[in-house]
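K.L.:
Here's the letter readout for the chains.
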Amino acid sequence: MSAFTALLARDLRLSARSGGGAALALGFFALVATLVPLGIGADLKVLARVAGGVLWVAAVLAALLSLDRLFQGDFEDGSLDVIALSPLSLESVSLAKMLAHFLSTGLPLTLTSPLLALLFNLPATPTLVLFLSLLIGTPAVSAVGAIGASLTLSLKRGGLILPLIILPLLAPAVIFGSGAVSAALDGMASDGLWLLLAFSAAACLLSPFAAAASVRLNLGG
Amino acid sequence: MISSLTAEGLACARGDRVLFEGLSFRLERGRALALEGANGAGKTSLLRLIAGFLAPKSGHLLLVTDQGESDDGEERGKHIGWLGHQDGLKPQLTVREQLSFFAALYRGQADCDAALDEVGLARQKHFPCRFLSAGQKRRLALARLMLSRRPLWLLDEPLAALDGEGEALVRRLMTRHCESGGLLVAATHAPLGVPAIRL
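Protein sequence lines correspond, in order, to chains Z and U. Every position in the first sequence, counted from 1, becomes a number in our numbering once 216 is added. Every position in the second sequence, counted from 1, becomes a number in our numbering once 7 is added.
Extracted from the complex, chain Z is given alone in its bound form (with noise of 0.2 angstroms):
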């Protein structure tokens, strides 16, 4: 096994087990879901109009749930100075431990959008709209969030100062995500789903920089 995939491997297999926060991450996505509807109401027409937006706000909120230990856990115990050590470069393991929380995260996420969109009221077509620009869009989550993780590993409690930082980082996600969901509830083509792909691929190829130069700093301080 390759020094990436096994971060990577060790990654998924922390974020399983208790204490992980893969299933948390989930478990609030889905809440969040259910009590919208409740607090909007029966109003079938409004509930599918806010679908998009509801959801990727919801699946952002809860992909921070896991994000400010991505670093911090290891950094605390002391395996993010044997991991420095390793012949693995620290934007391989920003990498890697991006990609694993995309896994655990956003990737689940994803998959059960359809089936809490039912909840909404959206049409098929919106539905699918929705898949993908969650599909395309939470790498960016977890690589933007990387950063915001690996600038606040040392600090106690974090995890407070994280979202101030990453959230407005995302808007761009949640607009494009959202915006193509809408434009495909009306039936009208959108750039959508193309700005958020060149979103992403922006995020995920800058951000393993950004987040190796940050745990640099932090493993000096």
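Mixed in with the good hints, there may be bad ones.
[What the hints assert, rightly or not] Anything over 12 angstroms on all C-beta distances counts as not near chain U; from chain Z, calculated:
{"#": "1", "residue": "217"}
{"#": "2", "residue": "339"}
{"#": "3", "residue": "373"}
[Claimed, not checked] Label pairs and their in silico Cβ distance ranges:
{"#": "4", "chain 1": "Z", "residue 1": "292", "chain 2": "U", "residue 2": "120", "range": "25 to 33 angstroms"}
{"#": "5", "chain 1": "Z", "residue 1": "384", "chain 2": "U", "residue 2": "75", "range": "44 to 52 angstroms"}
{"#": "6", "chain 1": "Z", "residue 1": "233", "chain 2": "U", "residue 2": "32", "range": "39 to 47 angstroms"}
{"#": "7", "chain 1": "Z", "residue 1": "436", "chain 2": "U", "residue 2": "71", "range": "21 to 29 angstroms"}
{"#": "8", "chain 1": "U", "residue 1": "120", "chain 2": "Z", "residue 2": "247", "range": "26 to 34 angstroms"}
{"#": "9", "chain 1": "U", "residue 1": "82", "chain 2": "Z", "residue 2": "292", "range": "21 to 29 angstroms"}
{"#": "10", "chain 1": "Z", "residue 1": "217", "chain 2": "U", "residue 2": "25", "range": "41 to 49 angstroms"}
{"#": "11", "chain 1": "Z", "residue 1": "437", "chain 2": "U", "residue 2": "130", "range": "37 to 45 angstroms"}
{"#": "12", "chain 1": "U", "residue 1": "172", "chain 2": "Z", "residue 2": "373", "range": "38 to 46 angstroms"}
{"#": "13", "chain 1": "Z", "residue 1": "376", "chain 2": "U", "residue 2": "168", "range": "18 to 26 angstroms"}
{"#": "14", "chain 1": "Z", "residue 1": "414", "chain 2": "U", "residue 2": "32", "range": "51 to 59 angstroms"}
To be clear, the hints were calculated from the coordinates, so they are not data collected in a lab. Computed from a prediction, not measured in an experiment: that's the story for all the values here. Beta carbons: idealized from backbone N, C-alpha and C, even for Gly.
Given the coordinates of chain Z, assemble chain U onto it according to the supplied hints.
P.N.:
Coordinates of chain U only, in the frame set by chain Z:
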């Protein structure tokens, strides 16, 4: 292989506070360096400096290897086996999972069972780490250090939490490491029990 590690006029500061300055030493292959000093004297900081996590305020560190000389911290890190004062273990993972992860991270294949045997954890192989005592965790961290197969060991309080037998194990590992041409720098309170230059 490393032939020597040299420090010249090394100074280290955390924030505005200068921990030490004008520190020089030269460590040849097969030798051990024991760092002794009061709490807060900067032993751990010196280890982190050698590991390349910290940058020196002034002075430099030179590592001479087969491939030439280098004073780059990141480059130096690729030769280092690290035993920090924290063990770096996850409570949810079993002893075996933990060790095979680090072995894979460092060099692909390794005989984890033999290493666990050596540190006396063969019977606890399938225990989650949360059930281990402080001394047993230390032993597991030692097994990881062994498997890293790095020529320059940096040890922070290697004897902490260990029983008599555990201390003997550490001394045996350190002696073997030095005899096979490795170098080691250890921050310690108790006498190391291996021939070492004291600083």
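K.L.:
The structure should be examined with respect to each hint, and the outcome stated for every one.
P.N.:
Do the hints match the structure? See the list:
1. At the 12 angstroms boundary, the C-beta of residue 217(Z) falls inside the reach of chain U, the nearest C-beta of that chain being 5 angstroms off.
2. Residue 339(Z), annotated as away from the interface, keeps every beta carbon of chain U farther than 12 angstroms; the closest lies near 42 angstroms.
3. With a least beta-carbon separation of about 20 angstroms from chain U, residue 373(Z) lies farther than 12 angstroms from that chain, consistent with its non-interface assignment.
4. At roughly 29 angstroms, the beta carbons of residue 292(Z) and residue 120(U) sit within the given window of 25 to 33 angstroms.
5. Judged by the Cβ atoms, the range 44 to 52 angstroms given for residue 384(Z) and residue 75(U) holds: they are separated by roughly 47 angstroms.
6. Remark: the range hint 39 to 47 angstroms for residue 233(Z) to residue 32(U) is upheld by a beta-carbon distance near 44 angstroms.
7. Under the hint 21 to 29 angstroms, the C-beta atoms of residue 436(Z) and residue 71(U), about 24 angstroms apart, fit the expected range.
8. Between residue 120(U) and residue 247(Z) the CB atoms are about 45 angstroms apart, so this pair departs from the stated range of 26 to 34 angstroms.
9. Judged by the Cβ atoms, the range 21 to 29 angstroms given for residue 82(U) and residue 292(Z) holds: they are separated by roughly 27 angstroms.
10. Remark: the range hint 41 to 49 angstroms for residue 217(Z) to residue 25(U) is upheld by a beta-carbon distance near 45 angstroms.
11. Judged by the Cβ atoms, the range 37 to 45 angstroms given for residue 437(Z) and residue 130(U) holds: they are separated by roughly 40 angstroms.
12. Take residue 172(U) and residue 373(Z): their Cβ atoms lie about 41 angstroms apart, and the range 38 to 46 angstroms holds.
13. At roughly 33 angstroms, the beta carbons of residue 376(Z) and residue 168(U) sit outside the given window of 18 to 26 angstroms.
14. Roughly 54 angstroms separates the CB atoms of residue 414(Z) and residue 32(U), a value that falls within the hinted 51 to 59 angstroms.
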